[in-house]
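S.K.: The lines below spell out each chain.
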Amino acid sequence: MNADQVVTAVTTGYADWLSARRSPPITEPRTHVWASGCRKCVRAMALDLLHPGEGWEDVDVERLARMHGGEHKERAIIADLIQIGPRCSPPFEVVEGQQRIEIRDRDGRKLITGKIDGRLSGWKRRISFECKSGVSFQRVDTVEDLDRSPWTRHSLDQLLAYLYAENDPLGLLILDRPGVPHFLPIVLEQHLERAEGFLSKSRVAIDAATGVAPLPPFTEDVSECKRCPHFGKSCAPPLDFGPGARLVADPDLEEAIGTREAARDAHLDYERADRLVKNRLRGVPEAIVGEYHVRGRWQERKVVELPDDVKRQYQVVKPDGAWLMDVERVALTD
Amino acid sequence: MPPAEATATRTVERPAPLPLEIVEGGAALPARRDEIETELMLTQRADESLIETLTRLENAAEVFKRRAELLEACYLAALKRTRPQDWVLTKDRQGSETAMLTVSGADLVAEVYGIVIRGIGPTNEKGEFKPEKTPVPGLDGVYSLRAHCSAFSRVNGRAVELLEFSRRSDEDFTGRSITSTGKLTTTPAESIGALETDLRGAVLTGMRTKAVRVLCGMTRVPVSELSKAWEGTEKKVADCRKGHGYGTSSDRGAKGVADAGVAELVDKLRKDILAAVGGDASAARQLTKEITANKAKGFAGFDSVDRLTQGWQVEQAVKNLKTHPQFGDGGRQPGSDDEK
Chain A
1 MNADQVVTAV TTGYADWLSA RRSPPITEPR THVWASGCRK CVRAMALDLL
51 HPGEGWEDVD VERLARMHGG EHKERAIIAD LIQIGPRCSP PFEVVEGQQR
101 IEIRDRDGRK LITGKIDGRL SGWKRRISFE CKSGVSFQRV DTVEDLDRSP
151 WTRHSLDQLL AYLYAENDPL GLLILDRPGV PHFLPIVLEQ HLERAEGFLS
201 KSRVAIDAAT GVAPLPPFTE DVSECKRCPH FGKSCAPPLD FGPGARLVAD
251 PDLEEAIGTR EAARDAHLDY ERADRLVKNR LRGVPEAIVG EYHVRGRWQE
301 RKVVELPDDV KRQYQVVKPD GAWLMDVERV ALTD
Chain B
1001 MPPAEATATR TVERPAPLPL EIVEGGAALP ARRDEIETEL MLTQRADESL
1051 IETLTRLENA AEVFKRRAEL LEACYLAALK RTRPQDWVLT KDRQGSETAM
1101 LTVSGADLVA EVYGIVIRGI GPTNEKGEFK PEKTPVPGLD GVYSLRAHCS
1151 AFSRVNGRAV ELLEFSRRSD EDFTGRSITS TGKLTTTPAE SIGALETDLR
1201 GAVLTGMRTK AVRVLCGMTR VPVSELSKAW EGTEKKVADC RKGHGYGTSS
1251 DRGAKGVADA GVAELVDKLR KDILAAVGGD ASAARQLTKE ITANKAKGFA
1301 GFDSVDRLTQ GWQVEQAVKN LKTHPQFGDG GRQPGSDDEK
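Chains as they are written, first to last, in this note's numbering: chain A, 1 to 334; chain B, 1001 to 1340.
This is chain A alone, in the form it adopts within the complex (with noise of 0.2 Å):
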């Protein structure tokens, strides 16, 4: 065998194995939610419910792999903690791995089920933990960062319900990343009213799929539709592609934009010389060039000098910060 064919046996059997490992997607209805199935739509969690195999009908080997992988770092992390727990001043313990925990309603309805990764108990306490992996985990330091993005954003959700469930005012993410893994402390009171929003909206989905209620209304957010396993299946929200092309018959706007245009690479000249120019004639005083005369100087400026971590805490991103355009002319008919 060549190197190709070794290549090719060895990534075959690697994807056959992943393939034969996978255990049959759940297609039966169901009437409580995940833990981790907390979603910005609630219609989507109630679809969820009544269509859980939308989304699972083909599962690819890269896809499998990657879920694979998640469970290989969390066995690994929990083993680590394991070892470590006895070595850390003062000790802690790894108990009550996988632990199931429910979340009923007043009347006792079931809403939400899960299994714990498990407790740390040392400290006079129990602090339940949940273990995370992926990519976009690894750029997750703060809870701020994981509401930046959908793929995270429902492991706050699913460790609250957690400490909602058992009462526990602490939790730790234990997030995967290259090096050693980030411990993110969740506190349970100050997320207390976004628990208790998980346990409505689990509510609100249950009593659809049950045929209590209508399903709920269509999120406004399109791109949760996006990625939605249930779009263009069981749900088929309507469709906005945004305001459109704004027409506008300004004659003085359209002249603004031909004399830009008209303009444009005059400026871009103008620029590059400026830049050779000053970075050439950077601290010379005076000079004689060709026909020309040039003389500098130098001018104050008030600069705050911070160090980074302290300029970090002060950075926010704000997605209108900038205005970018581009100006292109459209052939019109003669």
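Note that these hints are calculated values from the structure, not bench results.
Which residues of chain A face chain B? A few of them, derived with a C-beta cut under 7 Å, are:
{"id": "1", "residue": "Leu215"}
{"id": "2", "residue": "Gly242"}
{"id": "3", "residue": "Gly244"}
{"id": "4", "residue": "Ala249"}
Where a beta carbon is used, it is the ideal one built from N, C-alpha and C, also for glycine.
Guided by the hints, dock chain B onto chain A, whose structure is given.
M.R.: Using the frame of chain A, we list chain B on its own:
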């Protein structure tokens, strides 16, 4: 002359409607109340229409002209956003070429025109999307799914009500389908039809594309307009996919989308095949089928090397010819005999 936009948005003072007294059952007014109300509503609608408003303006012609120019610019801007792979060219008997927008380009165009699609149905009593399922007569197990929607454009003001779209379960559009036991398969021989959720998704996608095409006038776009919109860019009409009117699918495949350099490889393969079978045309056809077949995918093979369009296809066929039990050389590599 004032700017057209300012003129178009100027409020026009309309005369107050004439007072109308409706006498129930009166002989002087034989028309019934609902007829009169309908008449009034239609009069009001006509009164408020854009054309009515514009005809009252002094510079209506100018407003119309500017509006037409802007819509033309919008149309060309939308065309400019699309790429050659977003179009399928068709040619009629007279040889005139038109292009039809496909799904990949529909979203690009829809953003320019501010398309809104709503009222997507039918839905079941729970509110889930449930297209109408109708068996296709004469074809056992084959059915069609039909859905409808309403749509409008925020830019050109066009609207369409109850636009319908349907797809049949025996259409091959995703490359995967189901077997008689309900399992997913990519082998055509095992397939009994599409997976229903895939078909539903395809109906929605098709309907969306159709709505965009209808509202933006992109069902039959003259090729000259595409060329004009793409002027000064690297996009070329010649790179668009060819559809009806451009010969058979195999001709289109070989001539239209062949990898660079494939033609030479195909020619060489043809000569090798003919040499292997001693010039016998029917044996060459049979051998071509055998070396291009893919049993794992249930593909019986091509009957002509002209249908090979991709480099890897030719490469695989050459490999299969070398290892063919009757006509191949047993897969010998240079120097492999030295080991004996």
